[in-house]
Amino acid sequence: MTLLLPKEIRKIGTTDLKITWNDLHQSLYPFPYLRQNCRCAFCIDERSGKQILIKDNVNPNLEAFKVTPVGQYALRIDFSDGHNTGLYTLQHLRQLCPCKECS
Amino acid sequence: MAQITKEIVLEALSSVEDPDLHKDIVSLGFVQDIRICEGNVAFEIHLTTPACPVKEKLESQSRQAVLAIPGVKEVAVTMKSEVKAHQGLDISSLKRVKNIVAVGSGKGGVGKSTVSANLAVALSLEGAKVGLLDGDIYGPSIPIMMGKPGDTTLRENLIQPKVAHGIKFMSMGFFAQGDQPLIWRGPMAHRALEQSLADVEWGELDYLIVDLPPGTGDVHLTLVQTVSITGAVIVSTPQDVGLMISMKTLRMFQQTNVRLLGMIENMSYHLCSHCGSKEEIFGHGGAKQASAKLEIPFLGEIPLDISIRIKADEGVPAVIALPGSPIAQNYREIAKRVAAQVSIANFSAQKLEVVEESK
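Sequences listed follow chains A and B, in order. Numbering-wise, our numbering puts 89 at position 89 of the first sequence, and it's gapless, one number per residue. Numbering-wise, our numbering puts 165 at position 165 of the second sequence, and it's gapless, one number per residue.
Keep in mind the hints are simulated off the structure, nothing from the lab. Misleading hints may appear alongside valid ones.
Unchecked claim - Label pairs and their in silico Cβ distance ranges:
id : chain 1 : residue 1 : chain 2 : residue 2 : range
1  : B       : G139      : A       : K18       : 29 to 37 angstroms
2  : B       : S277      : A       : S48       : 51 to 59 angstroms
3  : A       : R47       : B       : K95       : 20 to 28 angstroms
As the list claims (entries may be wrong) - Listed below are the simulated BS3-like cross-link pairs for lysine-lysine, each with C-alpha atoms no more than 25 angstroms apart in a straight line:
id : chain 1 : residue 1 : chain 2 : residue 2
4  : A       : K18       : B       : K351
5  : B       : K95       : A       : K66
6  : A       : K100      : A       : K7
7  : B       : K359      : A       : K7
8  : B       : K57       : B       : K84
9  : B       : K55       : B       : K6
10 : B       : K6        : B       : K107
11 : A       : K66       : B       : K107
12 : A       : K7        : B       : K23
13 : A       : K18       : B       : K95
14 : B       : K84       : A       : K7
15 : B       : K6        : B       : K23
16 : B       : K351      : A       : K7
17 : B       : K84       : A       : K66
18 : A       : K66       : A       : K18
19 : B       : K359      : B       : K107
Every residue gets a Cβ at the ideal spot worked out from N, C-alpha and C, and that includes glycine.
Using the sequences and the hints given, assemble the complete structure.
Here you go:
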């Protein structure tokens, strides 16, 4: 199993996250979009998998203060609404790529 | 006769290839400090681990390559080693710890702690600086195996690791009082592991071996989330049931993007101490087959031998208690293979890093 890994992770200002993958694919994620897709236990029910967070309630101008690597497999994002419990695994991030090709 | 130059020597040495890294020793930067004085050539080869399994081979090949240059009469090769650091260790007291290697298993009782202790001591016998962290909160056994139970001391707010048989070690068991069990919820285990990593004066280490509790729990998660570990070694018995469960631990490491350095088969067979006949109590070769299927390195096998257990209980790992025995040989071969895999991992490792770009 070869994992898709990022070649480069850039936090662009406080608005976007840009990942260049080792297959040279580029993903650009606006932070409000990542906040909407948070998979932490506050946002998605652990047992049923039911969506708790109402995606439409996410402020479209939401920013992020900090992006920190977690071990070697995920990123933690400190959003401007104080939320920081979600771990975005590299695999999940690749699935979330919002570009036309991927979605 | 043509003058012997550095370039000629380097060109000759570029024919020598490291069999593990698949590159020649010149482009790997192993060759250092070339000195030429008429027909005498001296140089150093800096290896990535003192436990290099191909040390002798590289030395003789380099010597032959340089001797083949016309005009060279004598060659002096000095073998040195410098363990390359895995990138991404960020906790300050771990700054000088170059590589963290986790030892895990799917279930308990496969001899993980015995293997960890012997592996750590075997690496130090090769000349590496080694630390051993007993992360098994439920059954901390490393202090007994290393022959040094009892409390640890504090100096300048840092826990002093114990020193025995050439290595430094620390046990989560030291957090417990005497024979009291550790009855902890997840967050306690999490904090204790963080402390064992960050609040211990490890000093400079080439390898820190972390003996994990069985399975996949809080300690494992904390380890893969707080530090960037170089890789993991899985210990398994040959038995299928054992392997099925080992697979889960293996998958956890894969999911958290931790490199698998390989698998060790423990209790591979039993040599009868009376008649010497070989009995395969748990079957044989299961781990080798599984590692081939998963395309991860197979690091070796250890027999079920009463002397390993006796020496462990006496507080002296078999690898030094019984030098020259086949068991010690096995362990030392395995240690060299682990060291080689760590070097390979460091050459291909990528660090997860976030670049801040202002807009």
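Each hint, compared with the structure:
no.: 1; hint: B:G139 to A:K18: 29 to 37 angstroms; result: violated (46 angstroms)
no.: 2; hint: B:S277 to A:S48: 51 to 59 angstroms; result: holds (57 angstroms)
no.: 3; hint: A:R47 to B:K95: 20 to 28 angstroms; result: violated (41 angstroms)
no.: 4; hint: A:K18 to B:K351; result: holds (16 angstroms)
no.: 5; hint: B:K95 to A:K66; result: holds (23 angstroms)
no.: 6; hint: A:K100 to A:K7; result: holds (21 angstroms)
no.: 7; hint: B:K359 to A:K7; result: holds (21 angstroms)
no.: 8; hint: B:K57 to B:K84; result: holds (21 angstroms)
no.: 9; hint: B:K55 to B:K6; result: holds (23 angstroms)
no.: 10; hint: B:K6 to B:K107; result: violated (55 angstroms)
no.: 11; hint: A:K66 to B:K107; result: violated (38 angstroms)
no.: 12; hint: A:K7 to B:K23; result: holds (23 angstroms)
no.: 13; hint: A:K18 to B:K95; result: violated (29 angstroms)
no.: 14; hint: B:K84 to A:K7; result: holds (21 angstroms)
no.: 15; hint: B:K6 to B:K23; result: holds (20 angstroms)
no.: 16; hint: B:K351 to A:K7; result: holds (9 angstroms)
no.: 17; hint: B:K84 to A:K66; result: violated (30 angstroms)
no.: 18; hint: A:K66 to A:K18; result: holds (14 angstroms)
no.: 19; hint: B:K359 to B:K107; result: violated (51 angstroms)
This entry does not satisfy hints 1, 3, 10, 11, 13, 17, 19, going by the numbered hints stated previously.
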